[in-house]
Amino acid sequence: MQVFTCIFSGVDIDAVLKAIANPARRRLLDSLRARNGQTLSELGGHLDMTRQAVSQHLERLEAVALVTAVRRGREKLHYLNPIPIHEIAERWISKYEKRRLETLTDLRKRLEGEDHG
Amino acid sequence: MDRPEFVYVTYIATTPEKLWNALLDPKVTAKYWQHENLSDWKPGSPWEHRSADAKRELKLVGKVVESAPPRRLVLTWAAPADAAREQKHSRVTFEIEPAGDVVRLTVTHERFEPGSEMLRSIREGWPKVLSSLKSLLENGRPLPRLW
Chain Z
1 MQVFTCIFSG VDIDAVLKAI ANPARRRLLD SLRARNGQTL SELGGHLDMT
51 RQAVSQHLER LEAVALVTAV RRGREKLHYL NPIPIHEIAE RWISKYEKRR
101 LETLTDLRKR LEGEDHG
Chain H
118 MDRPEFVYVT YIATTPEKLW NALLDPKVTA KYWQHENLSD WKPGSPWEHR
168 SADAKRELKL VGKVVESAPP RRLVLTWAAP ADAAREQKHS RVTFEIEPAG
218 DVVRLTVTHE RFEPGSEMLR SIREGWPKVL SSLKSLLENG RPLPRLW
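Line by line, the protein sequences give chains Z and H. Under the numbering used here, the residue at position 60 of the first sequence is numbered 60, and the numbers go up by one with no gaps. So the mapping is simple: the numbering used here equals the position in the second sequence, first residue as 1, plus 117.
You can take every hint at face value.
Once the Cα atoms are required to be at most 27 Å apart in a straight line, the calculated DSS-like pairs of lysine-lysine come out as: (1) Lys245(H) x Lys180(H); (2) Lys205(H) x Lys176(H); (3) Lys245(H) x Lys109(Z); (4) Lys245(H) x Lys135(H); (5) Lys205(H) x Lys159(H); (6) Lys245(H) x Lys18(Z).
Worth flagging that the hints you see were computed from the coordinates, not collected in a lab. Quick caveat, the model's predicted, so the values are computed rather than measured.
Just chain Z, same shape as in the assembly (with noise of 0.2 Å):
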């Protein structure tokens, strides 16, 4: 909790997108966004990573709150928070360029065949 009441009142955009620049934690974001809710061990087997590594990249994730982890039971779940995310974009883009970037990625999304995110 200490961790996070020194970086968080508003967003530390800087933090954030730091934790973003990492490739292997970008693929941690995608595979929670693609399951949400995985232990450890499953987003390790999934992205063949070893446990460490893992363990290291959530950390850096939850410290900007880029994932929650909570307890149940024994297990320790982590799912994605697009929230910080989400802000930061608020912050450039106002409603209206939102519907065209919207429209923009519809048609990108439609011309290339396939949801890519």
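Guided by the hints, dock chain H onto chain Z, whose structure is given.
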């Protein structure tokens, strides 16, 4: 044990009491959610989510499961068409904890039916609603219209 489908967290520079009020007071929810949450907020009571415009459209219904102001609120959550079908009701828990000089809000949404339409709209909805709530409480301005 069942795994929740979504857990959202946001840190807001406010007090637990103000945040609690912002979740329940229809005048406040109208500002950042463009909807009103209506209930007497007693455990067992029904609650409704209605559009805050002239149409007053009923969008969601459910029951208050737990209410412990200003820390914990548990609601069931369903489309009005599914009001009588409890197996189709999902469950939302709001937890409010002080975190230094800010407040941590955790929203857990769980117990969806497999392949639920609600689940898809939730995924788009909560980040918008929670960012707008945070903006209203911290800057006095909600985000532009969400929907």
